[in-house]
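**Q** As a plain string of letters, each chain reads:
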Amino acid sequence: MYKNIEKVLIANRGVPAVRIMHTCRDRKIKTVAVYSTPDRLAQHVVMADTAYHIGSALPSESYLNFDNIISAALQAKADAVHPGWGFLSENDRFADRVIDAGLVWIGPPPEAIRAMGDKIQAKKIAVRCNVPVIPGISNVTTEAEIRKWMEEDAVDFPIMIKASASGGGKGMLKAENNAQIPAALAQVRSEAAKFFGDDTVLVEKYIERGRHIEVQIIADFHGQVTHLCERECTIQRRNQKIIEEAPSPSLDEELRRELCSAAVRLMQEIGYVSAGTVEFLFDSSKRKFYFLEVNTRLQVEHGITELITGLDIVGIMIDVAAGKPLPFKQSDIRPNRWALEVRLNAEDPRTFNPSFGVISRLYSPQGPAVRISPGLYEGADIPPYYDSLIMLIMATGADREDAIRVMDRAISKDLRIEGVKTLAPLLLSIIRHPKFIAGEFSTRFIEEHLDELVSKFIEKDSEDEMLKVARYVAEISALGTPKWI
Amino acid sequence: MKNYIFVQPGLTPAEIVRRVRSLKGVCLSTTSLRDAGQSDYKNRLRIYDLKTLAPCYNQMGLFSAECHGGARWHVGLMNRKESPFEELEILRSLMPDVLLKTLIRETSLWGYRPYPPNVIKYVVSQVDIDIWRCFSFLNDIRNMRMAAETVMSRGKLFEPAICFTQADWATDDYYLKLVKDIVAMCGGTDEIILDIKDMAGVGSPRRIGSLVDAIKQQYPDLVIQYHRHTTDGLALPALLAAAQAGAKILDVEEDSLARFYGQPPILAVHAYLEEFGIPVHLNRKEAEAAVQKVRTWIRHYEWAESPFKGFDHHVVYHRMPGGAFPSSFEQAENGDFLHLMPEILTLMSYYNKIIRYFDVTPGSQITWVTCSSIVNKYMKEGGKSGVKHLLALMARFVEDKRQDFSSMEKEEQEELYQLFRSASGDFKNLILGGYGRLPMGWPDDWVYVSAFGEEWEDKIKERSELSPLDSLADESMEKQKRTLAVSIGREPSEEEFILYLMHPKDALQFIQFRDMYGEAPLVLPTDVWLEGLRKPGGKVDFEFNGKPCTIELLSVGGEHDGYIHVVMSVNNKTRVYKVSTPRAKQVEIRMAKGPLEIGAPINGNLWRIGNPKRGMLKVGDIVHQGEEIASIEAMKMENAVTAPFDAQIEEICVKLNGIVQEGQTLFVLRQDDQTETQSPGSSTVIDTPWPG
Chain P
0 MYKNIEKVLI
10 ANRGVPAVRI
20 MHTCRDRKIK
30 TVAVYSTPDR
40 LAQHVVMADT
50 AYHIGSALPS
60 ESYLNFDNII
70 SAALQAKADA
80 VHPGWGFLSE
90 NDRFADRVID
100 AGLVWIGPPP
110 EAIRAMGDKI
120 QAKKIAVRCN
130 VPVIPGISNV
140 TTEAEIRKWM
150 EEDAVDFPIM
160 IKASASGGGK
170 GMLKAENNAQ
180 IPAALAQVRS
190 EAAKFFGDDT
200 VLVEKYIERG
210 RHIEVQIIAD
220 FHGQVTHLCE
230 RECTIQRRNQ
240 KIIEEAPSPS
250 LDEELRRELC
260 SAAVRLMQEI
270 GYVSAGTVEF
280 LFDSSKRKFY
290 FLEVNTRLQV
300 EHGITELITG
310 LDIVGIMIDV
320 AAGKPLPFKQ
330 SDIRPNRWAL
340 EVRLNAEDPR
350 TFNPSFGVIS
360 RLYSPQGPAV
370 RISPGLYEGA
380 DIPPYYDSLI
390 MLIMATGADR
400 EDAIRVMDRA
410 ISKDLRIEGV
420 KTLAPLLLSI
430 IRHPKFIAGE
440 FSTRFIEEHL
450 DELVSKFIEK
460 DSEDEMLKVA
470 RYVAEISALG
480 TPKWI
Chain Y
0 MKNYIFVQPG
10 LTPAEIVRRV
20 RSLKGVCLST
30 TSLRDAGQSD
40 YKNRLRIYDL
50 KTLAPCYNQM
60 GLFSAECHGG
70 ARWHVGLMNR
80 KESPFEELEI
90 LRSLMPDVLL
100 KTLIRETSLW
110 GYRPYPPNVI
120 KYVVSQVDID
130 IWRCFSFLND
140 IRNMRMAAET
150 VMSRGKLFEP
160 AICFTQADWA
170 TDDYYLKLVK
180 DIVAMCGGTD
190 EIILDIKDMA
200 GVGSPRRIGS
210 LVDAIKQQYP
220 DLVIQYHRHT
230 TDGLALPALL
240 AAAQAGAKIL
250 DVEEDSLARF
260 YGQPPILAVH
270 AYLEEFGIPV
280 HLNRKEAEAA
290 VQKVRTWIRH
300 YEWAESPFKG
310 FDHHVVYHRM
320 PGGAFPSSFE
330 QAENGDFLHL
340 MPEILTLMSY
350 YNKIIRYFDV
360 TPGSQITWVT
370 CSSIVNKYMK
380 EGGKSGVKHL
390 LALMARFVED
400 KRQDFSSMEK
410 EEQEELYQLF
420 RSASGDFKNL
430 ILGGYGRLPM
440 GWPDDWVYVS
450 AFGEEWEDKI
460 KERSELSPLD
470 SLADESMEKQ
480 KRTLAVSIGR
490 EPSEEEFILY
500 LMHPKDALQF
510 IQFRDMYGEA
520 PLVLPTDVWL
530 EGLRKPGGKV
540 DFEFNGKPCT
550 IELLSVGGEH
560 DGYIHVVMSV
570 NNKTRVYKVS
580 TPRAKQVEIR
590 MAKGPLEIGA
600 PINGNLWRIG
610 NPKRGMLKVG
620 DIVHQGEEIA
630 SIEAMKMENA
640 VTAPFDAQIE
650 EICVKLNGIV
660 QEGQTLFVLR
670 QDDQTETQSP
680 GSSTVIDTPW
690 PG
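The listed protein sequences derive, respectively, from chains P and Y. Sequential numbering of the first sequence, starting at 0, is according to numbering that gives the first Met the number 0. Sequential numbering of the second sequence, starting at 0, is according to numbering that gives the first Met the number 0.
Honestly, I wouldn't trust all of these hints.
Pulled from the structure, derived: some chain P residues nowhere near chain Y, Cβ distances all over 10 Å [what the hints assert, rightly or not]: (1) D117; (2) N177; (3) P334; (4) A437; (5) G438; (6) R470; (7) E474.
What follows is a set of in silico ranges between Cβ atoms, one per label pair, in the way DEER data are often shown [stated by the list, open to error]: (8) Y/E329 x P/Y376: 44 to 50 Å; (9) Y/N570 x P/L40: 43 to 49 Å; (10) Y/Q479 x P/H448: 26 to 32 Å; (11) Y/E380 x P/P481: 20 to 26 Å; (12) P/P481 x Y/N570: 20 to 26 Å; (13) Y/E329 x P/G356: 50 to 56 Å; (14) P/S359 x Y/R481: 49 to 55 Å; (15) Y/R481 x P/R92: 42 to 48 Å; (16) Y/Q624 x P/P157: 21 to 27 Å; (17) Y/P95 x P/D413: 33 to 39 Å; (18) P/S359 x Y/R669: 52 to 58 Å.
No lab work stands behind these hints, which were simulated from the structure alone. The C-beta atom is built at its ideal place from N, Cα and C for all residues, glycine as well.
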């Protein structure tokens with residue numbers, strides 16, 4: 000007997016909430032949105048069938064508020080809760096609460112989240128499954144412990160200080176020398192406590208010029224664990240991915256097989272169910288990969304895997320949560336195209352400082368081979384309290400070159416956003432950079448090339464220019480002849 | 000159909016000169032694109048309208064079109080928001096067969112200060128102009144050297160101008176000496192055209208005839224152009240006299256554009272000269288078409304016309320140049336002293352006998368500012384009778400006593416000693432030789448006493464006879480370019496940089512305006528440019544980047560909290576514009592300035608003041624260099640704010656858990672001996688960079 004899922008509460012906002020609602024709409028599943036005070040008219044609220052206010056602006060009062068979210072789900076008579084990504088998506092205690100409330104949790108079992116949420120535990124399991132790991136120590140509270148470990152294990156700088164429960168690039172800092180350790184440690188602990196509710200910290204050797212490659216896993220309650228191939232997420236700024244692609248241009252067939260089967264092995268070991276990702280750091284000069292962590296949730300960049308495989312991962316998550324077996328075997332998974340994704344963040348493309356305000360004009364890219372995953376609409380207000388992601392733009396092609404060409408058109412010709420600053424100019428400069436086109440890059444690509452990337456900004460468009468003329472007409476019509484004329 | 004084109008861009012200067020020489024009779028140069036608008040319409044004629052004349056000009060058989068330079072340049076930036084480079088590009092494409100001409104001030108080009116040789120060379124090399132008409136308001140030919148060299152070495156036509164005035168000292172010999180210097184500087188008469196610049200319109204027909212004749216006697220091959228304003232009402236006979244004496248090129252404008260201070264009307268000049276047997280090279284049909292064209296748009300500019308209407312034969316005394324008329328009257332109107340104009344003009348007629356130079360930019364500005372402020376000062380202190388007293392004093396000194404200072408009464412001398420006491424820096428710079436030597440020698444000593452008081456003798460010792468070209472050191476253009484890049488937040492184009500070199504403040508405002516409103520100044524019809532769409536349903540169609548556009552006004556809302564919402568249909572899409580009025584409430588956000596005010600590094604939520612170790616900080620606490628004093632969180636990232644040096648907290652300007660803006664003041668610190676003694680090692684404070 001499968002569980003009945005006819006109404007889903009999405010415990011999220013913005014791009015992930017909208018993404019999940021699209022699949023629900025495909026399946027005629029009713030949706031329940033939750034929102035904080037400043038999100039009263041946000042896109043996910045507009046899109047949902049019903050919506051519940053769950054608290055004030057601060058995430059801890061609303062999108063991280065277990066009680067309010069669960070009571071909204073019960074009040075709405077929802078059957079299930081999908082956490083999206085970020086917020087409570089990797090919170091095992093919240094998953095427990097959802098299940099205890101008699102609701103279906105659309106995600107991995109709380110035990111799996113727990114096992115992988117603890118980075119130290121996760122590394123131990125990886126070692127057990129014969130998956131290589133990066134040298135490091137766990138449960139760090141003082142600088143002295145870090146110094147001792149570095150001395151004993153002969154580790155040199157740089158090192159990475161991470162919240163045990165870190166994710167999404169948040170809650171981690173690099174230290175280049177002894178002097179940077181105290182401040183970095185203090186900040187990571189503070190962020191860890193605030194955003195993940197757990198201030199346990201681990202420290203690892205930092206692999207320089209590494210590449211970030213991950214494997215998408217999907218598993219059911221019937222013991223089947225399948226991978227949907229890998230994604231390359233090497234282009235990052237401040238440890239946050241901003242461009243992802245599938246497949247990875249760094250791997251050959253043999254390494255790809257090795258990587259994917261390592262991921263499957265690990266997930267089988269922990270009895271994983273639902274969608275999840277095993278992340279690896281790839282040292283391209285030595286052709287070696289190291290286990291980084293498991294993301295026990297739907298990932299931002301899942302869309303490109305959907306594009307190359309033709310599957311709907313969110314849809315499969317819902318079916319798996321209902322108890323259905325995966326409708327395919329590993330051998331059925333045959334990717335047949337290239338897909339590229341950019342994260343359009345509302346940030347200053349030079350400084351990465353967040354930008355918020357009202358979106359006064361918005362045109363989404365359109366046309367062949369483009370997929371848009373939006374988080375807001377023209378006229379919407381971006382509040383300063385949450386993640387800066389406002390839209391995902393994906394492009395596909397028969398090969399990488401094709402996909403890059405489509406992406407170039409999508410960003411430079413089709414996309415128009417006014418009212419806030421976005422990363423668009425930077426993203427465009429990156430995909431036009433010869434090193435990116437050649438596939439030669441590391442996680443430090445942006446910091447190494449920032450000056451050059453920034454200098455290529457600026458694209459003029461005839462409609463943008465025409466709207467400037469219209470703005471003049473509007474002002475003069477309202478205010479009369481200006482004095483300076 | 001007869002082809003009237005006899006000179007074109009691309010010809011060598013020698014070839015152009017040869018073709019003009021071999022022409023029977025005279026040819027014409029139009030000033031409608033520049034000086035006509037400057038003299039009668041405060042330079043407000045927009046390229047949007049002027050360009051409609053270009054197709055006619057392209058077939059009219061003109062010698063050239065003066066379309067660039069003078070004050071049109073500066074007013075373009077300030078008031079029309081047009082760049083002279085855009086104008087050139089538009090005109091080039093619409094009239095490719097016409098020689099384009101600019102007017103430059105010898106060392107200050109299109110700006111107001113003298114530039115060093117490297118800047119002159121750089122700027123002149125960047126501008127796509129065929130003929131460079133160049134004048135010195137001091138008639139100091141030395142000052143033209145750099146411009147002449149650069150123009151001629153680039154194969155462009157150099158047209159040196161001699162500034163003309165009618166005065167006892169302005170004799171044929173005086174002018175012939177200038178022409179001699181010009182011919183020597185330019186290596187003969189085969190590659191230049193000599194311009195007689197009668198910028199005030201004061202040359203009587205006989206005087207002009209005799210001057211042209213005197214020059215032609217000495218230099219029979221020299222091609223002469225006569226540029227004249229109509230201010231005194233005698234332009235037509237003066238042009239005839241010039242042509243009869245051998246001038247080959249005459250400046251004209253459309254009859255329908257002509258008012259009182261610009262150039263004479265083209266069709267009238269054509270008819271009048273031909274009646275006297277002088278052939279005029281002109282496609283009259285096209286000239287008539289251009290005259291009609293002007294009528295389709297000139298009514299939009301009535302507001303820009305001078306409030307002082309009618310010819311003014313008094314110009315032979317006060318000598319205000321036609322090009323300065325509208326702007327002077329505009330300033331008088333804005334400064335609320337329009338009623339004092341007759342007195343100011345009278346004072347100018349005395350002034351130009353005391354300090355002798357030519358009333359043309361920048362000299363005309365100096366004359367105007369000096370005289371208008373003296374009259375205003377007397378008005379303020381003594382009312383109408385005070386001004387009357389001033390003019391009586393000047394009449395007595397200049398006319399009765401022939402400027403013999405010693406023959407004036409003691410108290411009159413004392414009063415004259417005060418005359419220039421509050422004169423502008425430009426005036427003082429002028430009499431010290433900052434612009435070069437004055438054409439008729441330095442003013443008398445009492446002028447220096449008047450301007451400088453007790454220091455007058457030292458100042459006279461400083462006075463220089465050198466040309467600014469020899470006294471000014473080269474300037475680093477790289478440095479200025481970087482300053483501009485920082486101000487506008489991006490790399491400037493070459494053209495923007497030149498605008499900035501000439502008019503730094505106004506160029507910046509212009510660039511910001513254009514970044515905001517794009518090509519509005521170029522594409523909007525003049526009524527919409529001036530007044531917008533006046534009522535709902537009002538519509539404007541225009542072409543933009545080769546595509547049709549329509550903007551329709553749907554509604555203008557009432558004012559609410561200082562904002563008006565304007566709803567427009569822009570290419571069929573409804574758009575709402577929030578327009579702030581002068582009453583819009585400015586949310587006062589205090590931005591950090593100077594080393595003692597600590598600004599927020601990013602936008603975000605100020606969630607901690609202080610640090611975990613010390614807890615919350617309060618006013619009076621001592622903080623140490625590098626210590627975290629606040630933390631701002633934005634999009635799940637914490638950003639520490641640290642103390643840039645050891646200091647005491649004097650003020651905490653924000654509330655905990657409040658949203659702060661990048662640059663907003665968070666703390667004001669205090670640093671004094673006390674904090675320094677408490678925290679040794681803070682001696683590097685001054686070198687420490689601070690945020691913002």
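**Q** Are the hints correct? Go through all of them and say.
**A** Hints versus structure:
1. Residue placement check: P/D117 keeps its beta carbon more than 10 Å from all beta carbons of chain Y (closest about 21 Å).
2. Distance to chain Y confirms P/N177 as a non-interface residue, since its nearest Cβ pair spans about 15 Å, more than 10 Å.
3. Against chain Y, the non-interface label of P/P334 holds: every CB pair exceeds 10 Å, the least being about 32 Å.
4. Distance to chain Y confirms P/A437 as a non-interface residue, since its nearest Cβ pair spans about 27 Å, more than 10 Å.
5. Once the 10 Å rule is applied to beta carbons, P/G438 is consistent with being away from chain Y; the minimum gap is 29 Å.
6. The beta carbon of P/R470 is not kept farther than 10 Å from every beta carbon of chain Y, the shortest such distance being approximately 6 Å.
7. Its closest Cβ contact with chain Y, about 5 Å, brings P/E474 to no more than 10 Å, contrary to its assignment away from the interface.
8. Judged by the Cβ atoms, the range 44 to 50 Å given for Y/E329 and P/Y376 holds: they are separated by roughly 49 Å.
9. Our hint of 43 to 49 Å for Y/N570 and P/L40 is violated, since their Cβ atoms are close to 27 Å apart.
10. For the hinted restraint 26 to 32 Å between Y/Q479 and P/H448, the CB-CB distance of approximately 29 Å keeps it satisfied.
11. The supplied range of 20 to 26 Å is broken by Y/E380 and P/P481, whose beta-carbon atoms lie about 36 Å from each other.
12. In this structure the supplied range 20 to 26 Å holds for P/P481 paired with Y/N570, their Cβ-Cβ distance being about 25 Å.
13. Between Y/E329 and P/G356 the Cβ separation comes to about 40 Å, which falls outside the hinted range of 50 to 56 Å.
14. At about 33 Å, the beta-carbon gap between P/S359 and Y/R481 misses the expected band of 49 to 55 Å.
15. Look at Y/R481 against P/R92: about 56 Å separates their beta carbons, and that is not inside 42 to 48 Å.
16. Separated by about 25 Å at the C-beta atoms, Y/Q624 and P/P157 satisfy the suggested range of 21 to 27 Å.
17. Distance hint check for Y/P95 and P/D413: the Cβ-Cβ separation is about 37 Å, which falls inside the suggested range of 33 to 39 Å.
18. Between P/S359 and Y/R669 the beta carbon distance is about 42 Å. The supplied range of 52 to 58 Å is therefore violated.
The structure fails hints 6, 7, 9, 11, 13, 14, 15 and 18 (numbered hints given earlier, in ascending order).
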